[in-house]
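**Student:** Chain Z is already provided as a structure; the job is to place chain H with the ligands on it using the hints.
Chains Z and H, in that order, give the protein sequences. If you count the first sequence from 1, position 295 lands on 295 in UniProt numbering, and the numbers rise without skipping. If you count the second sequence from 1, position 397 lands on 397 in UniProt numbering, and the numbers rise without skipping.
Possibly wrong hints are sitting among the right ones.
Identical copies carry no separate label here, and so any pair may be met within one copy or between two of them.
Listed below are the simulated SDA-like cross-link pairs for lysine to any residue, each with C-alpha atoms no more than 25 Å apart in a straight line [said to hold, decoys possible]:
1) 549 x 3
2) 111 x 274
3) 473 x 574
4) 580 x 469
5) 534 x 357
6) 473 x 221
7) 74 x 317
Worth flagging that the hints you see were computed from the coordinates, not collected in a lab.
Number of protein chains: 2
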Amino acid sequence: MEGIDYHDGERSKAEFDVEEMKIVWAGSREVLEVSDRMGRLVASDEAFRKDNRTMLSRKDLFKNTLRKAAHAWKRIIELRLSEQEASWLRFYIDEPAFTDLHWGMFVPAIKGQGTDEQQQKWLPLAYKMQIIGCYAQTELGHGSNVQGLETTATFDSQSDEFVIHSPTLTSSKWWPGGLGKVSTHAVVYARLITDGQDHGVHGFIVQLRSLEDHLPLPGITIGDIGMKFGNGGYNSMDNGVLRFDHVRIPRDQMLMRVFQVTREGKCVQSNVPRQLVYGTMVFVRQTIVSDASSALSRAVCIATRYSAVRRQFGSQNGGPETQVIDYKTQQSRLFPLLASAYAFRFVGQWLKWLYTDVTQRLQANDFSTLPEAHACTAGLKSLTTSATADGIEECRKLCGGHGYLCSSGLPELFAVYVPACTYEGDNIVLLLQVARFLMKTVSQLGSGKQPVGTTAYMGRVADLMQCCCAVQKAEDWLNPSVILEAFEARSARMSVACAQNLSKFANSEEGFAELSADLVEAAVAHCQLIVVSKFIEKLEEAIPGKGVKRQLEILCNIYALYLLHNYVGDFLSTGCITPKQASLANEQLRSLYAQARPNAIALVDAFNYTDHYLSSILGCYDGNVYPKLYDAAWKDPVNESVVPDGYQQYIRPMLKQQLRNARL
Amino acid sequence: MEGIDYHDGERSKAEFDVEEMKIVWAGSREVLEVSDRMGRLVASDEAFRKDNRTMLSRKDLFKNTLRKAAHAWKRIIELRLSEQEASWLRFYIDEPAFTDLHWGMFVPAIKGQGTDEQQQKWLPLAYKMQIIGCYAQTELGHGSNVQGLETTATFDSQSDEFVIHSPTLTSSKWWPGGLGKVSTHAVVYARLITDGQDHGVHGFIVQLRSLEDHLPLPGITIGDIGMKFGNGGYNSMDNGVLRFDHVRIPRDQMLMRVFQVTREGKCVQSNVPRQLVYGTMVFVRQTIVSDASSALSRAVCIATRYSAVRRQFGSQNGGPETQVIDYKTQQSRLFPLLASAYAFRFVGQWLKWLYTDVTQRLQANDFSTLPEAHACTAGLKSLTTSATADGIEECRKLCGGHGYLCSSGLPELFAVYVPACTYEGDNIVLLLQVARFLMKTVSQLGSGKQPVGTTAYMGRVADLMQCCCAVQKAEDWLNPSVILEAFEARSARMSVACAQNLSKFANSEEGFAELSADLVEAAVAHCQLIVVSKFIEKLEEAIPGKGVKRQLEILCNIYALYLLHNYVGDFLSTGCITPKQASLANEQLRSLYAQARPNAIALVDAFNYTDHYLSSILGCYDGNVYPKLYDAAWKDPVNESVVPDGYQQYIRPMLKQQLRNARL
Ligand SMILES: Cc1cc2nc3c(=O)[nH]c(=O)nc-3n(C[C@H](O)[C@H](O)[C@H](O)COP(=O)(O)OP(=O)(O)OC[C@H]3O[C@@H](n4cnc5c(N)ncnc54)[C@H](O)[C@@H]3O)c2cc1C
Ligand SMILES: Cc1cc2nc3c(=O)[nH]c(=O)nc-3n(C[C@H](O)[C@H](O)[C@H](O)COP(=O)(O)OP(=O)(O)OC[C@H]3O[C@@H](n4cnc5c(N)ncnc54)[C@H](O)[C@@H]3O)c2cc1C
Ligand SMILES: [Ca+2]
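This is chain Z alone, in the form it adopts within the complex (with noise of 0.2 Å):
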């Protein structure tokens, strides 16, 4: 059997230059290479196995999960590698560690709100990893609003130092990665009080366990918080609970980038604009949408490799039976998740140019952009990965009973995903946030000041209002301004009913609160909009390579159609299509996915995922798939001996109607 690819047939159906389009996926050349280079590189070393994940116990599971941190760095360390090199390693090594909080969190936080002595200070330490920090902000009994934390940092002006206290039960940090075994250090957010008076949340950098022997130091309480979704997945992670008893920290361990306590306990604001922090905001998040479409595209290429090796009825003559890719109604599960993760790659790209646009502005002291650049980014951060949690567990559901098996690889990767979801903002909370900003930007359309950005549209209202679509015929809506203003209409239409909903309203707050499920709708068309229009702004570049470009095309196509069959409820109730144009719209689709079927697997090569990340039997390269199954059932646990463990005592005796005298 080695070496045969039950792919091959599937290969040499496709249409267009795959290698081309592993670049454009990647972003570049230079990325690809990168990646390639590192995604082999831990494919190749034993030390970072991870088929057997799903059946260690928990404490072995972290244990190992501990030595693959160190060998990681270990070989960081010996090959020299880059900043961009170690984090595409620690993407290939793919388990969830306190490395990623360290690295993600803890020098991010120490960077965006330090003062120039306190990253001069902290951060050499942590880029050798002298010490471990993580990020302790969430309560037992408080997350989404930080406001509301409990734990205080009272100032002790008599021997200049805060006194890191938990108050309550429900002040005790819960939650934070990285801090419930390992980190030395956190970045804790607590209450500043000074004379008795609250100046709200800060943060602070407080040593958490000696750096001899790792124990927590007087007056800290820290353990894991216990066992979260899934077997293997998340539970790598040792996500922490930490309690104060009065634990005190020198005064210059609070971060004193935009706010001061001097050494009399007198509270400054810093000259620093506070908008400082959105900036690291916007780098998160588009680290967090570049990962949704990194899990969507994995779990698709999963279902997409099964699904030309699956078949199932429709065998003629006794010939074999049909692969189950060729099933319309598959086709429209699955095509549709392929089309959005090229989607979320490519916002995800523009959201990198984002990042340094909003940088250079904040740096020449210009925040106009800020605040539609934080919608935005909060809308495709809630977007992107609600999209990608639903499509992994649709992808599951595409490879029938065998994508319940851990040897999948979809069960883990559904686990290990979907706190994406809720970290970072909730999903639904966030929505809330652009509705809000939507609804300003609405209000503000008469007084002459123009919206920016993704929201420009807007200022066209008084054409989407009144526009009607053109589709006449199937293949008008292959084009992309036709598309592009039906979502366009769609978008404006429905913020414009919210807010004159809201207008109805006495108190605005309380009509925010009782059409806030509306108003989440009207945010999530806004988002779709903006993915949709950052696909078809990547079609306007030049883009080389035989048919790459019609692929994506075709994608574009599936993405927005499907998206507009799918809300077509939003389209018609607005009046911004016919009931004639979406029934064009859905033959339009069918149309789509019928061209996409000959290249489906080699837009899922295009990935460019080595066996090693997939680790799924079922989307593995070569598409060998039952044998792999079949050897692989033989190595759980409960296979090392024929007779289970528990016959005697326990299957035996019922058998033998023995059990009366049994003890259980």
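**Tutor:** Showing chain H with the ligands alone in chain Z's frame:
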């Protein structure tokens, strides 16, 4: 803290008699009494503890399940429990086990497909559990398409035996629950071959393991297929793999109720009608629908109780924050699921009636309603299991971060539930069957053949194609006949539209394949109508108890209008309602949420679930969530030591920059 009820205030707000609602939910006072008694019995027996389930290794989990099954059987015998009591006992033990397949599939298969003699021989053994059986249909390469199974049963007329054989790797039996480690016998589905001729797939009773030492019999290879989704969850089940190498069984172990092989190897169709097997299918699917309402109501109970405890934002003057259940977005996600749980309950109760009806008709040789009953149960299985799987995950998200902890109970509930979308018929494959039936129904409308049962409304197709929804103000949507007509018109029009589009194809099979995604949508519309109409019918009964009927009316309206809102595209594009009417429905929905709000806790109390059954800290009856979460965390094995295993080898060398020399 002992004895405090944090939901006290909520409970006192309820506007109806909870005890009476419990009876409605249970189906009768008698069922409530039995289920309540069994629920308490399980909860009070230490042997049935399950709070540590997600922390156990696969082997420990499995052994524990064997112990529980033996203990349950012992109690059933000791207490001389009736069949009904025993089945409630297993329900509350709440752990997938080989007994599910023994009682739920093996015994019914023999009852349904065995001759009288076969039943007399095998059933007493099975009833006493002197043999343990499973249901071995699915193969590694064949699931949905049962006719494609590869296992062979070749008749050897010389020895009067069948030779059971697995000719290929893909013919290995794969998935049967209880097979991997426990079952002594199986009903094996295999292609019957006599004289080189293939007579299609039939069932055979095959002994798998020795009743003396539990070793597989000669020629038989068996094992467990390995880890499945989630920790705990379905991993307590030994889904198995099975290969036959020319295994011989006596001729009388073929299940011969409808099809017989004589001593001479002749195949004879018996005079028992083939349709009989459909009766079993209706029965099995009815239990699946009832399980859906149990699983969904359980998730909803957890999310509702926690939403009343959890507070975020909106604190005024330092007072408590707002209960998240008071946010309209939370309500618009949660209350439709609460309403769905009730809706599925009632349609499940109706299916019990349908099963009796079908059985009686079968006995009277009346097969006229069978195709309709078959399509209806297929559709309801698909609809309720899909909605329940999605609903559980939505409930988990409604709990924010804490829903991701295993101690919330929701991850395990999701993981254990989702395969219901796949087994007993993949949900899409089932909807395609429904669609086929609908198309047949529509095509026969002209012929004078009156559609029956749940398709009876199609007989009024002419009216339904042209009726106009009469809603003029929001309250008009409270009228059941208005709702019913809208759902009937939508479903009829979607089916007719599909039929018209199908007629454009020269080859109707090709047309069906091409339009299958639309056909699935028409099938969903039909199934939703069934659920809505059965809820409305329920409300036509006399329902005693203060305020009980009123609450059910609210829930029925929420269910219907939420569907209407979510699928508004269907209603608009078929012209069943206008955009204005859609917006009035939405308005009415908001007001219904406000009416449900004060009753929410009482409405989930009416499920009468013990804390043991819920196994969720977030859902505990007294609402004392935070101390319980905090205490539970410390029980995780990684908290056994303060400094984690692996510190010396992996963390310390990292911190001390000594990795270079470390052996990892
Ligand atoms: C795997 C994981 C890792 C994490 N890592 C970290 C970490 O490293 N550091 C850290 O500090 N934290 C971490 N967290 C915590 C995370 O940031 C919070 O869980 C998240 O912010 C959500 O807050 P919550 O849990 O309080 O949800 P809640 O806000 O309690 O959500 C419960 C429900 O209330 C609703 N709701 C809340 N507010 C409103 C409103 N105003 N209007 C309408 N509805 C509302 C939500 O939509 C949701 O349905 C992590 C969490 C997870 C799951
Ligand atoms: C937890 C669990 C327990 C089980 N227990 C048992 C048991 O006890 N005994 C037993 O015999 N089996 C058992 N099974 C097997 C189960 O019955 C099958 O998995 C199920 O029938 C689905 O079949 P499949 O896996 O072949 O899916 P497939 O049919 O391969 O599905 C793959 C995809 O193809 C699509 N598809 C298939 N056919 C068509 C079509 N004609 N048109 C359009 N799309 C199509 C499906 O919609 C799906 O998206 C169990 C499975 C699970 C997960
Ligand atoms: Ca919809």
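**Student:** Which hints from the list above does the structure break, by number from lowest to highest?
**Tutor:** 1, 6 and 7
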